[in-house]
Each structure stands twice: as C-alpha cells, then as structure tokens.
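Participant: Okay, here's what each chain looks like letter by letter:
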Amino acid sequence: MSAVLNQTPPSPLAELWRDFRRNRGAMIGLVVIVILVLSALLADVIAPYSPKEQYTDAVLKPPSMQPIGGHVFLLGTDPVGRDLLSRLIHGTRLSLMIGLVSVVLSLSGGVVLGLLAGFFRGGTEFTIMRLMDIMLALPSLLLAVAVVAILGPGLTNAMYAIAIVMLPHFVRLTRAAVIGEMGKDYVSASRIAGAGTLRLMFDTVLPNCAAPLIVQATLGFSTAILDAAALGFLGLGAQPPTPEWGSMLASALEFIQSAWWVVTLPGLAILVSVLAFNLMGDGLRDALDPRLKK
Amino acid sequence: MFTFVLKRLALVAPTFLGITLLVFSLIRMIPGDPVEALSGERGMDPARYTRLIHEFGLDRPLPVQYGEYVWKAVHGDLGLSTVTHESVFREFIARFPATIELSLCAILIALLLGLPAGIIAAVKRNTVWDYSVMGASLTGFSMPIFWWGLLLILTFSVTLGWTPVSGRIAIQFDIPPVTGFMLIDSLLSSDKGAFKSAVSHLILPSIVLGTIPLAVIARMTRSSMLEVLREDYVRTARAKGASSVRIVGIHALRNALIPVITTVGLQVGTLLGGAILTETIFSWPGIGHWLVDAIGHRDYPAVQGGLLMSASVIIGVNLLVDVMYGVINPRIRHH
Amino acid sequence: MALLEVKDLGVEFGAFRAVDNVSLHVDAGEVLGIVGESGSGKSVTALALMGLIEEPGRVHAQHLRFDGRDLLAMPLKERRALLGKDIAMIFQDPMASLNPCFTVEFQLVETLRIHEGGSRKALRARALELLQQVEIPDAERRLSAYPHQLSGGMSQRVMVAMAIACNPRLLIADEPTTALDVTIQAQMLALLLRLQRERGMALVLITHDLGVVAEIAQRVLVMYAGQVVETSRVPDIFEAPRHPYTEALLSALPEHNIGQRRLRSMSGMVPGAFDRPSGCLLSPRCAYVQPRCRDERPALDGDVGMQARCFYPLAQVSA
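Protein chains in written order, with the working numbering: chain A, 1 to 294; chain B, 1001 to 1335; chain C, 2001 to 2319.
To be clear, the hints were calculated from the coordinates, so they are not data collected in a lab.
Idealized CB from N, CA, C, for every residue including glycine.
Be careful, since some hints might not be right.
Some chain B residues judged to face chain C by a derived CB distance under 8 Å, without partners named [claimed, not checked]:
| no. | residue |
| --- | --- |
| 1 | Arg1060 |
| 2 | Phe1096 |
| 3 | Pro1097 |
| 4 | Arg1235 |
| 5 | Thr1236 |
| 6 | Arg1238 |
| 7 | Ala1239 |
| 8 | Ser1243 |
| 9 | Arg1254 |
| 10 | Pro1259 |
| 11 | Thr1262 |
| 12 | Thr1263 |
Only pairs whose alpha carbons sit at most 30 Å apart, straight line, appear in this in silico DSS-like list of lysine-lysine [claimed, not checked]:
| no. | chain 1 | residue 1 | chain 2 | residue 2 |
| --- | --- | --- | --- | --- |
| 13 | C | Lys2077 | C | Lys2007 |
| 14 | C | Lys2121 | C | Lys2077 |
| 15 | B | Lys1124 | C | Lys2085 |
| 16 | C | Lys2007 | C | Lys2085 |
| 17 | C | Lys2085 | C | Lys2121 |
| 18 | B | Lys1124 | C | Lys2121 |
A short, non-exhaustive set of chain C residues, derived as facing chain B with CB atoms under 7 Å [stated by the list, open to error]:
| no. | residue |
| --- | --- |
| 19 | Leu2083 |
| 20 | Gly2084 |
| 21 | Met2089 |
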C-alpha cells in the first residue's frame, strides 16, 4: 500500500489549544488572568504600601505622581488615607481566592448531586431537582443576602453564600450532561463489561461531561467575583479594612462629586477581572464545541 | 390549551410550598429571635418577653408554626413589620409598583436594543458589527451594576446635570398614587412638568437595571439566530428563492425567538436581584430597597414576607413564560 | 443547447476539496442520475448548482449555465428569481426541511407568493390542487396541519408539491427516498417519474442506490471522493461498467450476489480530508491497480456520454 498521506490530523489537546488561540478575545482573557494571578501571588512584593496603612496627611488625594509627605500615591488615596493602588493589588488576591473557593465548593457539591440525580433518576432526581428549583426561584443576590444574614457578615460567609447560590447551576448542568451520556452505547458497553456504579459515574461518564463543566466553572469565577462585590457593596461581605473591591465602593456614593477615583477605580478592577474570565470561558466554550469544528 | 395551563400550575405548587419552607427555615436559622431584636439595647423584663414570645407564636412547636405561617401566607397575612407596625403584605404591595415600573422599563430597553442588536450580529457574522455588539454585551454583563450606576450618575447627573440623582419624581410634585405607576399617575395629575420629571427620573435607573438583560438578550438572540440559520428549513426557504429579509424576518425569527423568550422570562430573577442594587443607588422606593433596609433593621416579618412575595412573583412570571412558549411553539401544545 | 451545463465545477471548504473537476449536462426533459456513496460530493454538487453553498465554502467553475444564462456571474436578485421557479430542489430529510412554526398551506403558498402572487383564496386553491397532484389524501385537512403532524412520506410529498408549484424546468432531488420507509420509496419514485413525464421537467436524481437509477434515469453519473469517475447511459452502465468503482458498486448489489454467502464489497474506505492519495483516488482500494495509478491522477477519458476516469478502463464484456 502506498497511499501517500498529505496531512496528519493533530492531537485533541493540540487541536483545543489551536482553536483557543484563534480566538483573540480568549487569548486576551488568558493573559489578563495570568497577570491577575501573578499580582495576587506577588501582592506583598509589588504593592508600594500596606493596604491597611492610613496616611492621615494624605486623605482623599487624587491620583498623581507628586509625592505627599514623602509617599507617591499613583492612584490616589481613599477617605481614610490608604493607598488605592496597594488596596487594589491586594484586592486581586482576595477576589481570586473568593472565586476559587466558591467555585470549587459549588462545583464539587454540584457534580455529586448532579451525578446522583442523573444516575439514579426516580425519587432521588425528583427531590434534588425540586430543591434546586426552589433555590433558583429566589433571585441569586437575594438568596446570598439571606444566607449571609443568617451566617453573619464577613468574607468567608460570603464565599459560602456564593457557593450555595451557584450550586443549582452546576447540578442542572451535570444532571443534563449525565442523562445525555447515559443513553449512549459506551455506557451500556461499560455496564455489560461489569463496571460498578461508582466507577461508571466517575471514570466513564463524568469525563465526557467535563467540557460544559469547565466552561461553567470558568464563568463561575466571574459570577463569584461580581456577587462578592455586590455583597461587599451592601456591607455584607468583606468588612473594613479588608481591601475587597466591592466594599471599597460601599461608601463611594458620598464621594461621587469630590473623589471620582474612589468611585471609578475599584469598579474598573472588577470589570477587568470579570471580563477576563468571561472571555476565557467563552473561548473555552467555542473551542470545546464539536459543532464548530467544521 | 386549558389542560396545558393546569398541568403547569400543578407543577408549580410543590415549588411554592418548598419556597415557603425555605424562607421559613432561613429566618428561623438566624441567631437570636425577633423578640430579642425588639428589645434592643435596654433589654426586656422577662414577663414581657414571655408574653411577646407567646404573642408571636414562637413557643409553639415548629411544624405548627410552619403550618400557621403557610395558612396565613396563602390568605395574604404575612405579619406585621416590626419597624412600621404595618401589614407586611400591604408594605410590599405599596412598594411593588415602583419596582414593576422600573423593571418593565428596563426590560423594554433591553428588548428594544437587544433584539435588533442580536439579529444584526447574527446576520453580519464575523464583521465589525458582530464584534462590536458582542464586545459591548460582554462588557455589559461583566460590570458590577452598582458601579455602572455610579458611573452613569457621575457622568449624567453630576458632571452634565442632565438627569436627577434619586427618587421617582422631583420633590415639589405631590402626585396622588392612583395606579402606583408614576408615569401614569403623573400623566393623570394636572401638574405641569410632572410627567417629564417622572420620565427623567426613570431613565438612568432603567438603563442601569436593563443593562444585563440587554447584554444577555443580545447574545442569546445572536446565537439562537445563528443556529436557526443553519437549519434545513432555512435552506429550503432559500431554495424557494426567498429574499434575505424574508428568511431572517419570517422563517428564522419565529424559531429563533423561542429560546429568547425563555431567557427573558428567566431574567426576571436577575432583575429582582439587580433591583436591590439599583434601587439602593438611586434611592428608588421599591421592594429591593425595602428588603435591604428590612434586613438591616432585623425586621424579620418583612424579610420573610418580602422573600416569599418575590419568589412568588418569579414563579408566576416563569409560569407565564411557559404558557407563552406553548402558544408560540405548536409542538409543545399538541403533546 | 443543454438546459444545464456545468464545466469543471470545484467546491472547497478551507483546504478540503469536496467537489473536484465535475462536469455534467442535463437536457430538457431528461432524467440524470448521480450515484455515489456518502462523502462522494454529490450533494455538495447539487447545492453548488443552486447557489446554496455558504461560507466558508468556495464555489468556482469554468462555466455554470442554466438555459444559456451564467449562474455564477448573475446578480443575487436574478438568481433568486430562478430558484423555486425554474430550478427547484427537494432534500433528503423532509421532516427537518419544513419550518415547524408554520402550516403546510403557508409554506406551499410561499413559493407562489414569492414568484407569482395572487389573492389568498386563489393561492389556497392552487395549494390544494398541488397537494392533490402529489397524491396526498384528505388534502383539505392537511393544509392547516403543522409539519410535526405529518409522517415522513407525507412531508416529502409536501416538499415535492412546493418544488413543482411554479412548474420548474429542472428539479433536483437529493436522496429523496433515503429517509423514507422502503414501502414508501417506490411510491415516491413513481410520483417523481409521473410528474416528470407530465410536465416535461428535467430531473436530476441524486442517490446512493443503483437500483433507483436503473428504474428511472436515462443517463448516469458516478461520483467518488468528489470526482466524476464514470458517465454512461442506462442500461449500458449496468451491462458494461467501465470504471472499477462502478463495477464494485454493481457487484455489491444483492441481485448480483445470489448464491454467495457474503455480499462482495470493496476493502478500505473513502478518503477523508487527511488521507487523499497522490495518484488515482481509488488506487488504495482498486482490485486492478497498476503502478501508474498510484503516481498519476487520471482524467476523464472516452467518447462523449461514455467516459471513465481510469487509465485502464474495464473491457466491454457483457455480464
């Protein structure tokens, strides 16, 4: 046989990276996220000042390169004299942590519940899904606020609240994916080959549902950051002096006429981070969607 | 058709009951009890405490409390606000129209701008139009909406002075609440300039609240359109020699709008959440603002009642969306 | 002059050549069969003729003429005036080809409305007539039905009705019976043939089923991997195929395997995007392969109307 091959097809991972790379928005998102992660990890090193240090002689100063009392506040100071730039940088660490913890909690819980619902159907499915419907019937922010009202304000409680609020989405996604896969022949084949339920769940079916879950998890980061900011803004999330971006905006309304940088900059930080995760989530979704291959 | 609606209603009942349970438990889980909160800093003498506990029915077993709660709720009795001592139900109803008015305007803006944007983005795929629409909508739902509100206030109210900062209408107008909708009421009243004032107060909050639904609708319309345009029946229409306008406007649109409608319905939940933040920033006297205050004041009957009512509204709207979906999509009806 | 003239048609999707160097012609009133397995490019050819190839596909040809008019150079508006009126097409999956949101009447009347116009009543009457022509029972009731309420066979009849509404001169049928039950297939073919004869319509029938071609076509085009490998007349092609692929197709028919234990089949698979041979596209699978076949690509060779793309066409031996 001497059929000459003109091209070799690429490996799946290489194909994924190639499709992802083609999406400029997604690449920008990735770059920004890398920058954010680095800022978070190196916050102590790159922030010029401590985020909690109050410089009483530099209260509410606008962004400038001119030193005040020997310190340069590139992005200005907040109402009690703290350097905004340092607070924003440390805020990155907080936001990423919030995203990570909330998503991991929500994802694990959601996947387990979704697997149970999708595998066992019947009563289990009914109960779980009704529970999720109930949770979805309340507006997510309201539910988060209610949970925080019970647990008490604070960053950790905010994270739990956010994880709870995101849970139904992961459960629904997993369940739908599982049900979709269960009908397929490879599952029956595994079953006939003697695979036990747990093995079937985690080894066989779950990897094939991974794609939408990955996308949803990435997008979950942005939801978490936004929700945490909203809670912070309402005074229910991170408490002062924690430099969380949302709580930095909490008292901003008063200063809207006098100090635009206190109002604009933390929000800008939120926007950029959320945008980056959304871009990357979108890019992943497009790259993983088999239909777009043609 | 009728059976279809009944079936949907039947499905809703357990969810509603579930919500009552959820709300009931949530409130009960809050540390401390409402009577304690009433006593404030000064404390309360034990006799009065016991009496109040009994009055509030807090000494009865939990299932009984729950049963009473549901029974009363279904009859519209959600208790009294500990802050105003008015019926919670009445407080809700009094403020609800303000939120409805705001939400309706927000959704209107979202649809009027979002639908065409999505259609254009789909038809002119991968061109500058497509990218700008997608970029704008992505930014739209990546923004914290309270920040967006602050930004708009900064630009339009503070710097340019075009729009007012808060409230539903300028304070000099005293409009009798006929319908509860300021737009209608101000028209009905004979005060000159009242309507104009009402509109100018409504613009910014509606834009802020409508931004996320707009973004979602634009994206959803685009992706739905793109999918529909790939379908076989669109190819058939092309093979018949139909013009692009006909294909997009008649064949594609009807099918593409189906998932969009569901999305719009689902946006009600987001709207209510967004209303909380929007109303706080613009001092809009709606239920979102009221709820946040209630939580701050530990006004538990109000929080409980508010949550329940909000959830009921959302369920109601979802039911409506389901029914409308059945109307538009003949396949669902005939099953 | 032929009704439809195609010379050197090519369609590419990125680097992938779905259709390569395809030439054909259809005379008024005749039936041409295009035969090939999945992936042979026969459907793409039809879509290219109709101008229904979308991005990222690219269509090019030396010429593509209908009734003497250049289809490729024509402005879009003119082309649209032709589609549905002079050239019509029916597709493989009738259930998916009808818009689920509109009634049968709406979709039938649409073709008429686009090209001819008329009052609602008149159009409705014509729609009814068309349904009766395609032998749909209880036509009146069917008019107000929705596509999901029709069976596969019924839907395809509605498609046919839509296609013949404006009396086209050419009807392209892309695997019209593949998605239907076997019992309905014969009926559908009989219907197509009857309509073709009655209206003097040219018919291009695309199929993978040689038996269908034998029944109703006058000429046949065999396609493989995007190329035309043989053109011939019916019944000549069945008695004396010239291309090894055609021979293989014929020998796989149940009728030619009576007494055998297994159907004769060709080893190997149709080349995909990544494994196109540098010589003749059939060379990896051909039973008669020679060294020259692996190195050079053969062109269509032979007298007009009886050509084969092979360096060593099979000898004319009666079966």
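Participant: Run every hint past the structure and note whether it holds.
Facilitator: Verification of the hints:
| no. | hint | verdict |
| --- | --- | --- |
| 1 | Arg1060 | violated (55 Å) |
| 2 | Phe1096 | violated (36 Å) |
| 3 | Pro1097 | violated (36 Å) |
| 4 | Arg1235 | holds (6 Å) |
| 5 | Thr1236 | holds (5 Å) |
| 6 | Arg1238 | holds (6 Å) |
| 7 | Ala1239 | holds (5 Å) |
| 8 | Ser1243 | holds (7 Å) |
| 9 | Arg1254 | holds (5 Å) |
| 10 | Pro1259 | violated (13 Å) |
| 11 | Thr1262 | violated (15 Å) |
| 12 | Thr1263 | violated (18 Å) |
| 13 | Lys2077(C) with Lys2007(C) | holds (23 Å) |
| 14 | Lys2121(C) with Lys2077(C) | holds (28 Å) |
| 15 | Lys1124(B) with Lys2085(C) | holds (28 Å) |
| 16 | Lys2007(C) with Lys2085(C) | holds (23 Å) |
| 17 | Lys2085(C) with Lys2121(C) | holds (21 Å) |
| 18 | Lys1124(B) with Lys2121(C) | violated (37 Å) |
| 19 | Leu2083 | holds (4 Å) |
| 20 | Gly2084 | holds (4 Å) |
| 21 | Met2089 | holds (5 Å) |
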